[in-house]
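A.B. asks: In case you want the letters, here they are:
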Amino acid sequence: MSAALSFRDLKVWFGEGRDHVMAVKGATFEVARGESFGLVGESGSGKSTIMRALTGLAPDWSGEMAVDSRPVPQGPKRDAAFYKKVQMVFQDPYASLHPRHSIDQVLSETLKLHGYTDIERRIEKLLSDVGLGPAFRFRYPHQLSGGQRQRVAIARALAPEPEILLLDEPTSALDVSVQAEILNLLSDLRSEHDLTFLMVSHNLSVVAHMCSQSAVMQQGEIVELLTTEDLRRHAARHPYTQRLLRAAEGYVRDEDAAGGAEAVA
Amino acid sequence: MTELLDVQNLRVTFPTNQGLFEAVRGVSFKLGRERLGIVGESGSGKSMTGRAILRLIRKPGAVAADHIKLDGEDLLPMTEKQMRAVRGKRISMVMQDPKFSLNPVMRVGEQIMEAYRLHSRATKSEARRRALEMLEAVSIRDPERVFRAYPHELSGGMGQRIMIAMMLIPNPELLIADEPTSALDVSVQGQVLNIMDKLVRERGMGLIFISHDLNLVAQFCDRVLIMYAGRVVETCEAGRLHEARHPYTRGLLNSMPRIDTPKDRLEVLKRDPAWREAPSVGPDESREVTA
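Protein sequences, first through last, are from chains Y and S. At position 112 of the first sequence the residue is numbered 115 (the working numbering), and the sequence of numbers has no breaks. At position 196 of the second sequence the residue is numbered 1234 (the working numbering), and the sequence of numbers has no breaks.
Here chain Y stands alone, though its shape is the one from the complex:
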């Protein structure tokens, strides 16, 4: 079976000359169709950059990227077929919705762009798919809670009936109880619509819950690829992954202050 997404020796950089930064230094991995794949790492590790390169938001890259074995072109432009297949949900639901567009406008604009004509029916279907009633249709983002906004963002991503969803920290701006609702919603949608997920998160527990396999990134490099079973058994080989796992266990009081100081700087 061919991979839904494949990345081969992907390098992504920003800036030139003195300001040149290599944000992703040769990433290679595949996401099988129907799989849910996690990208884990700390801020600045390049995990979101991979997604941004794929969607054309980070235009300077080399290597190969392919969606369903179709190579992704260089530059910021993607054709309509790409956007119909691949959609993205961003981290901050407070920033990713237009503050002066009602939910109806947000969804109908997306549907029109993708050439649908039965917009009425589709908006109602999308809203009920993400667990929002028809009453939400004419509201504005400021009238919604964070979780409801993220549901709207998910509905917008689902509008063109994509096969692949890119999720960039979809719950990190939300409270844990709301996070649970959104993660459940995403799992349901994945099985109902046969979606493939590529999910970025700094939270190992969230990735372990949602994904079957993940790549751990540090400073632009994939240091380890591991399955969720390995993660649960703490069978990580790379010291960085082990450190992340320990940190995810929570805070451990450090009686040896000198050791702490050494680790900090």
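No lab work stands behind these hints: they were computed from the structure. For every residue, glycine included, the Cβ atom is placed at its ideal position computed from N, Cα and C. Each statement offered as a hint is correct.
Per the computed footprint, the stretches of chain Y lying under chain S, defined by three or more beta-carbons under 8 Å from a beta-carbon of chain S, are:
| # | stretch |
| --- | --- |
| 1 | 166-180 |
| 2 | 184-193 |
| 3 | 196-210 |
| 4 | 240-248 |
In silico DMTMM-like pairs for lysine to aspartate or glutamate, Cα to Cα no more than 25 Å straight-line:
| # | chain 1 | residue 1 | chain 2 | residue 2 |
| --- | --- | --- | --- | --- |
| 5 | S | 1301 | Y | 197 |
| 6 | Y | 87 | Y | 107 |
| 7 | S | 1301 | Y | 38 |
| 8 | S | 1301 | Y | 232 |
| 9 | S | 1137 | Y | 172 |
| 10 | S | 1236 | Y | 252 |
| 11 | S | 1137 | Y | 22 |
| 12 | S | 1107 | S | 1041 |
| 13 | S | 1137 | Y | 95 |
| 14 | Y | 14 | S | 1223 |
| 15 | S | 1301 | Y | 233 |
| 16 | S | 1301 | Y | 195 |
| 17 | S | 1301 | Y | 191 |
| 18 | Y | 87 | Y | 132 |
| 19 | Y | 28 | S | 1223 |
| 20 | S | 1308 | Y | 132 |
| 21 | S | 1137 | S | 1174 |
| 22 | S | 1119 | S | 1044 |
| 23 | S | 1236 | S | 1275 |
| 24 | S | 1236 | S | 1041 |
| 25 | Y | 80 | Y | 164 |
| 26 | S | 1137 | Y | 45 |
| 27 | S | 1301 | Y | 132 |
| 28 | S | 1301 | Y | 172 |
| 29 | S | 1301 | Y | 252 |
| 30 | Y | 87 | Y | 172 |
| 31 | S | 1308 | Y | 191 |
Start from chain Y and add chain S according to the hints.
C.D. replies: Leaving out everything else, chain S in the frame of chain Y:
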């Protein structure tokens, strides 16, 4: 146990078009020289509680309470001028994001010196020496260089350690930390907490640690208040948070995914309107009151 802080029936209200909105509704607690955690979701009133103690609620918001006593002295009737002598010197506060709390156009060292000189009659050279010591105390490896740096030249973890240095240099009796590590990566988070913990213990300070992260609070603090809709719904020993009985606390604990125990679906918190109406748990009751 001598009480460092004694808060009785604290209320914070904001006028809105629909009438008064009560962000904090009758919260009472006492604090010794210990680490008290306040947890809750966004909008539960936990940050407002922290700010209200320092009387940092901006108008038209209003703070009311039977008393807010620091070492037996009520803060409520104090004038703004008197409050300024309390803030920083006796109670100080570390906020969530160092990016927004440090002055971007002032060198880090000068900001720390300012915090020190504001509350003591130290000379410049004395303040400088103390500031460098303090930078070392928060595990900054190269204090001379960081002293001269501007905030944008520092990482988030460094920025937060500098905030802690600045807040601890006047040697306050009580530190209020409002989500001090939420903007930081997990590995840095542990280091910043260790430093804060060590300094607070060495100096015998009280600490109020405000966070949305139940696990973190359970491991870091001695005692926890759980807030919901402006009230304290439960208080318990931090180590026994996982035995908490209130359905809200249980719901929060169960809604988190865990690495070691896979689940097909996460539990979703069902909010009971009765939680909102139940009276706050007082300082002397160690357990919940709702049936």
